[in-house]
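Colleague: Sequence:
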Amino acid sequence: MKKFSLSAVALALLLSGCATTGDGSKSGSGTSAISSVLGAATAGGSSSSSTENKAGAALDVFKAVTVSDEELKTVSLQYRNYEDRTENAAPANNKYAQRLARLTKKHVNEDGMKLNFKVYLSKDVNANATADGSIRVYSGLMDMMNDQELLGVIGHEIGHVKLQHSLSAMRTAYMASAGRKAASAAGGVGRLADSDLGALGEKLVNSQFSQSQETAADDYGLAFMKKHKYKVQAMESAFRKIASLSGKSGGMDAMLSTHPDAGGRADRMRDLASAK
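All residue numbers for the sequence shown refer to the working numbering, where the first residue is 127 and numbers rise by one.
I should point out that these hints are in silico values taken from the structure, not numbers from a laboratory.
All figures in this text were calculated on a predicted structure; none of them were measured in a lab.
Keep in mind that the hints are not guaranteed to be accurate.
Said to hold, decoys possible - Straight-line Cα separation of at most 35 Å, DSBU-like style, residue types lysine-lysine; simulated pairs: (1) K353 to K231; (2) K353 to K221; (3) K355 to K367; (4) K199 to K221.
What the hints assert, rightly or not - Here are the simulated distance ranges between beta carbons: (5) A218 to M239: 30 to 38 Å; (6) A319 to K355: 30 to 38 Å; (7) V234 to K329: 40 to 48 Å; (8) T192 to Q359: 25 to 33 Å; (9) R228 to A401: 27 to 35 Å; (10) A349 to D320: 24 to 32 Å; (11) Q224 to S194: 20 to 28 Å; (12) S194 to D273: 31 to 39 Å; (13) D387 to V331: 32 to 40 Å; (14) K355 to T192: 27 to 35 Å; (15) T298 to T341: 16 to 24 Å.
For every residue, glycine included, the Cβ atom is placed at its ideal position computed from N, Cα and C.
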């Protein structure tokens, strides 16, 4: 009978204790996943082939947990390029694209980051950011917000990038994606197929930032407004408008679903903006 050494799996388990997530925290979930698979792999009575398969699964999880930040940013850029092709991105001569370019031209290099901005032509009231520094604003949101309010929302999204919330979300989505396994087998992140990128996007859409992350991004957005001498009260009025979306149909409450308790956050922005 062929013997199989578990030393590689044991090493993976040991190293996983030092793996970190995108926000620098310990990756306990990855360690638990490896421990679970390792426990199954070492159960008595397992065949050699079964043990090899389970050990291989453990190493696959380990590779996912230890994907570097730069590799995740590469995946994020692949996903964003895919979305730009499929989400009706506004051409440069479009009025929405021109308005966004005017507002963001001084922010393509912001707080040590290289950022890029585009508009998706959709009635949805939404905006989002990915770990590679891509920020996308929906035309439905632009119709609803004045320039100062829009800058406040953009500052909030920049905060998600700077504070690595977008990176952490991508790590979680990538670990759960089928495309990761194929990329892992190739020895790196590789280039994902469109079908894998689409599935990855669904996992990102279904994920939500924590309340503490949203609060931190709000604070970053307010500091962004103060730093650039924009109207800080616009953060409050932007959230008031988002709060007014409750119960509306036709994609109008997309922003509300990803930015809950908008009314309470508007109150908080009002208080912070007026504080000396």
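Colleague: Which numbered hints does this structure break?
Modeller: 5, 6, 7, 8, 10, 11, 13 and 14
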